[in-house]
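Peer 1: The lines below spell out each chain.
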Amino acid sequence: MKALCWNGTRKLNVERVPDPSILNPKDAIIRVALSSVCGSDLHLVNGYIPTMKAGDIIGHEFNGEVVETGTEVKKLKKGDRVVVGSVIGCGECYYCTHDEWSLCDNSNPNGHLQEKMFGYPTAAIYGYSHLFGGYAGSHAEYIRVPYADNGCFKIPDGISWEQSLFVSDAVPTGYMAADMAVKPGNIVAVWGSGGVGQMAVKSAWLKGASCVIVIDRFNYRLAVAKNEGQAETINYAEVNVLEALKELTGGRGPDVCIDAVGMEARSSNKLEYAYDKIKQDLHLQPDRASVLRQAILACRKGGTVSVIGVYSSFVDKFPMGMLMNKALTVRSGQMHAQKYIPHLLELLQKGELDPSYLLTHKWPLDAGAEGYKMFNDKTDNCMRVAFDPGMI
Amino acid sequence: MNENASRRTKPALNVSNTERIISAVAGGYLLCNAIAGGKGRLLKTGAGAFLLYRAISGNCPVYSALRKSPLADPVKNITVRTLITVNKPRKEVYAFWRNLENLPLFMKHLKTVQTMDNGRSHWEANIPGLPGPVSWDAEIVKEEDGSLLKWNSLPGATIDNAGKVMFSDAGENGTEVRILITYRAPLGPAGEGIARLLNPLFKTMIKEDLRNFRSYIESGEIPTTKGQPSGRETVSALS
Numbered sequence: 001m002k003a004l005c006w007n008g009t010r011k012l013n014v015e016r017v018p019d020p021s022i023l024n025p026k027d028a029i030i031r032v033a034l035s036s037v038c039g040s041d042l043h044l045v046n047g048y049i050p051t052m053k054a055g056d057i058i059g060h061e062f063n064g065e066v067v068e069t070g071t072e073v074k075k076l077k078k079g080d081r082v083v084v085g086s087v088i089g090c091g092e093c094y095y096c097t098h099d100e101w102s103l104c105d106n107s108n109p110n111g112h113l114q115e116k117m118f119g120y121p122t123a124a125i126y127g128y129s130h131l132f133g134g135y136a137g138s139h140a141e142y143i144r145v146p147y148a149d150n151g152c153f154k155i156p157d158g159i160s161w162e163q164s165l166f167v168s169d170a171v172p173t174g175y176m177a178a179d180m181a182v183k184p185g186n187i188v189a190v191w192g193s194g195g196v197g198q199m200a201v202k203s204a205w206l207k208g209a210s211c212v213i214v215i216d217r218f219n220y221r222l223a224v225a226k227n228e229g230q231a232e233t234i235n236y237a238e239v240n241v242l243e244a245l246k247e248l249t250g251g252r253g254p255d256v257c258i259d260a261v262g263m264e265a266r267s268s269n270k271l272e273y274a275y276d277k278i279k280q281d282l283h284l285q286p287d288r289a290s291v292l293r294q295a296i297l298a299c300r301k302g303g304t305v306s307v308i309g310v311y312s313s314f315v316d317k318f319p320m321g322m323l324m325n326k327a328l329t330v331r332s333g334q335m336h337a338q339k340y341i342p343h344l345l346e347l348l349q350k351g352e353l354d355p356s357y358l359l360t361h362k363w364p365l366d367a368g369a370e371g372y373k374m375f376n377d378k379t380d381n382c383m384r385v386a387f388d389p390g391m392i
Numbered sequence: 001m002n003e004n005a006s007r008r009t010k011p012a013l014n015v016s017n018t019e020r021i022i023s024a025v026a027g028g029y030l031l032c033n034a035i036a037g038g039k040g041r042l043l044k045t046g047a048g049a050f051l052l053y054r055a056i057s058g059n060c061p062v063y064s065a066l067r068k069s070p071l072a073d074p075v076k077n078i079t080v081r082t083l084i085t086v087n088k089p090r091k092e093v094y095a096f097w098r099n100l101e102n103l104p105l106f107m108k109h110l111k112t113v114q115t116m117d118n119g120r121s122h123w124e125a126n127i128p129g130l131p132g133p134v135s136w137d138a139e140i141v142k143e144e145d146g147s148l149l150k151w152n153s154l155p156g157a158t159i160d161n162a163g164k165v166m167f168s169d170a171g172e173n174g175t176e177v178r179i180l181i182t183y184r185a186p187l188g189p190a191g192e193g194i195a196r197l198l199n200p201l202f203k204t205m206i207k208e209d210l211r212n213f214r215s216y217i218e219s220g221e222i223p224t225t226k227g228q229p230s231g232r233e234t235v236s237a238l239s
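Quick mapping for you: the protein sequence lines, in order, are chains A and B. Sequential numbering from 1 applies to the first sequence in the numbering used here. Sequential numbering from 1 applies to the second sequence in the numbering used here.
With the rest of the complex left out, here is chain B:
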């Protein structure tokens, strides 16, 4: 599975549900009006048909031309795209990511990643929305030294997923890291609604992971206040 699978078969959805309903009503009205006769029949027919098309298909060619971004894929995917600039040279940043066993150091949802021979690895993670830890095997499907790393879960994985990280130079001493991660929720029709709910949660988590990554690779530690004192746990005056 790769993240483009669903988009190859039909045009991208870029009209929201509310707008689709309005388009359907307006389109239907115009068509009825056109059939009933009167002035501007051709125009009304054309406009009505266009509005009905975008209502039924969910794709508006005008929006596509204007580059209105597609809505989140409703087909059971959690997709996160985000990026960060890191104050370390590109080769060093790449080498750090290439050793996938480093990922749990800053990606909190990952418990462990064990690399095996021939580019394969075994992952264990806590996915938000799923009870209990999940594990799967993955393989690196593409790598360009210093600039691209792409991995897919192997067929038979409990949860299909794919990740792509791109590295490019940023100024004197920095690296732009762009990450794309997709998880296919293993639930049935209910998965669509849940995926949509979980997407922002997941995006927040991945953004936090990237911030942790920057902290770790730049300063060697991740900032924390867990375990510090406060008035929320007071101590008896006698102790």
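Here chain A stands alone, though its shape is the one from the complex:
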């Protein structure tokens, strides 16, 4: 089969590789219908995530059709149309049974690597480095899904591949950001106007927000947040964010600040950006924290900072004093896909949510490398590129 493989920093190639097979009794094989890029993939492509090996198949946000099931798969059959959560959960450990699927004890065969880095193993993620399990990703014609009964969710009739694709990752991530923090009446500020940020905006409204503000520097993405998400917008390259947020919140600051950017944050302060980027490039600081810093500074006293942007390890110059003296709550995590997907598919069915506007470019798998380049450079008003392995 064809698959998009990581072969080094900013080196992606489509290769011909063997088809996947059932390796454990709870596995299923899915023929991939659509597989989307994700902002967190850019950390992989740009070389910020350790433990990648040349030849790794990437991609973690996908849907498709079941073509084969292992002997212990009970809920799926051949032909089922499913959307698959990006995070892999065994369903039986303490964390999975408490709906904290991204903290699964058992799905990561490289638990020893994570114990070294995080102290404890966490759930595996498709196509996201050997630290996160080393599972082959979804930018391919077929993919093997372990613990398939937990990870695959049947797409309701009448919902298309395009509509359901982002329920694999972007929607539950944005929804979790809001679910962890937003209370009715809150003013919510979202840093990052990409796929996840857009879904955080939608989710904030669903959770009863009274006003949603989006911060980014790409006007075309801010326009989408305004038109599709009814959000107020702030372009951080043009205005002072902290002042603008005070203006929009009666001087109090937002109740909830969502970080949907993560470790490759940019800053309007050139000195801050240079400091972070140089330290990062010299391997003195793995992650850039400018969005996290700003969110903590902006948040109202007693408010909540909700972090779903991906970080890998340490950041420098963390505003701990501001956090502590303002009595902030920090909520965070990789998304608990299996917890949220059933509810999100219901919302899709009821017509209360339609994420398909995120899919700005549907391209063949062969265009994988160009797709990521466009997504990274944010050209052609790109929001998300999805690869269709069946397209020529």
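Among the clues, some could well be false.
List time: in silico DSBU-like cross-link candidates among lysine-lysine, alpha-carbon distance up to 30 Å [to be verified]:
1. B/K39 <-> A/K116
2. B/K203 <-> A/K116
3. A/K154 <-> A/K77
4. A/K75 <-> A/K53
5. A/K53 <-> B/K88
6. B/K111 <-> B/K39
7. B/K203 <-> A/K74
8. A/K75 <-> B/K88
9. A/K53 <-> B/K108
10. A/K154 <-> B/K226
11. A/K270 <-> A/K373
12. B/K111 <-> A/K301
13. B/K203 <-> B/K111
14. A/K350 <-> A/K77
15. A/K116 <-> B/K207
Stretches of chain B that chain A covers, calculated by requiring three or more beta carbons in the stretch to come under 8 Å of a beta carbon on chain A [said to hold, decoys possible]:
16. 14 to 26
17. 137 to 151
I should point out that these hints are in silico values taken from the structure, not numbers from a laboratory. We put the beta carbon where it would ideally sit given N, CA and C, even for glycine.
Could you slot chain B onto chain A? The hints should help.
Peer 2: Same frame as chain A, but now just chain B:
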């Protein structure tokens, strides 16, 4: 043989080699100084003697009092102590371990364990650092239903070893499993250095075994990616 044998005869080593050398030099200097005369002879003699004692014996009573943990036993033992919490009730976890034939399902270094009558069993394993598989007979020396399992290899075993597993409740539905395994390396004086090198390897292996155990007893399978596709084995475009 049991894991406490070497510790009964002398106090625990808790001073590292580098520190012992520094103590010896400092202690020797202080004693010489004390003998040469001058102020504070009693203090220097006392301090010098104390430092020399800890240098020669390798045991510092002050560290012991402060509970500085003993260094790995240098007498040819590979000892691993580790623990894990499992999301299954204690009786179920105990019953699984009590059937020693289950152990190779998740302990990768064990090839087979065959239980025989009267609590005895025959084991075959690949021990890291030794060429080829090793086998021995063992017996359960102590068991407390639901909480403790202890086994020793029988005299005449190629490789002396002992294992102890303790089970205690963890919250609503869980079990804390604490394991202690010791292997006595069968090599001569060279064994001491090798054992020290192999200990961390062995500990990593046992920790992995326990993770596999948790996976197996909770979800019924051990996660793997062996055999999955990647760009490292490409296929000709014509096939």
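Peer 1: Does each hint hold? Answer for all of them.
Peer 2: So, going through the hints one by one against the coordinates:
Simply put, B/K39 and A/K116 have alpha-carbon atoms about 53 Å apart, too far for the 30 Å limit, and the pair is violated. The straight-line distance between the Cα atoms of B/K203 and A/K116 is roughly 14 Å, inside the 30 Å bound, and the hint therefore holds. Annotation: proposed proximity of A/K154 to A/K77 holds, straight-line Cα distance about 10 Å (limit 30 Å). Simply put, A/K75 and A/K53 have alpha-carbon atoms about 34 Å apart, too far for the 30 Å limit, and the pair is violated.
At roughly 36 Å between alpha-carbon atoms, A/K53 and B/K88 are farther apart than 30 Å, so this suggested pair is violated. Restraint check for B/K111 and B/K39: not satisfied, since their Cα atoms lie roughly 68 Å apart, outside the 30 Å limit. Restraint check for B/K203 and A/K74: the C-alpha separation of about 37 Å exceeds 30 Å, so the hint is violated. Between the alpha carbons of A/K75 and B/K88 the distance comes to roughly 24 Å, so the proposed pair stays at or under 30 Å and holds.
Distance hint between A/K53 and B/K108 is fulfilled; the C-alpha atoms sit about 25 Å from each other, no more than 30 Å. Distance hint between A/K154 and B/K226 is fulfilled; the C-alpha atoms sit about 28 Å from each other, no more than 30 Å. About 24 Å separates the Cα atoms of A/K270 and A/K373, which keeps this hinted pair within 30 Å; it holds. Distance hint between B/K111 and A/K301 is unfulfilled; the C-alpha atoms sit about 60 Å from each other, more than 30 Å.
Proposed proximity of B/K203 and B/K111 is supported: the alpha carbons are some 18 Å apart, at most 30 Å. Between A/K350 and A/K77 the alpha-carbon distance is near 25 Å, which keeps this suggested pair within the 30 Å criterion. A C-alpha spacing of about 12 Å is found between A/K116 and B/K207, which places the hinted pair at or below 30 Å, so the restraint holds. For the region 14 to 26 of chain B, the stated coverage by chain A is not satisfied: 0 residues place a CB nearer than 8 Å to a CB of that chain, which falls below the threshold of 3.
Check on the region 137 to 151 of chain B: 0 of its residues sit with their Cβ under 8 Å from a Cβ of chain A, so the three-residue criterion for coverage is violated.
In terms of the numbered hints stated before, the structure departs from hints 1, 4, 5, 6, 7, 12, 16 and 17, listed from lowest to highest.
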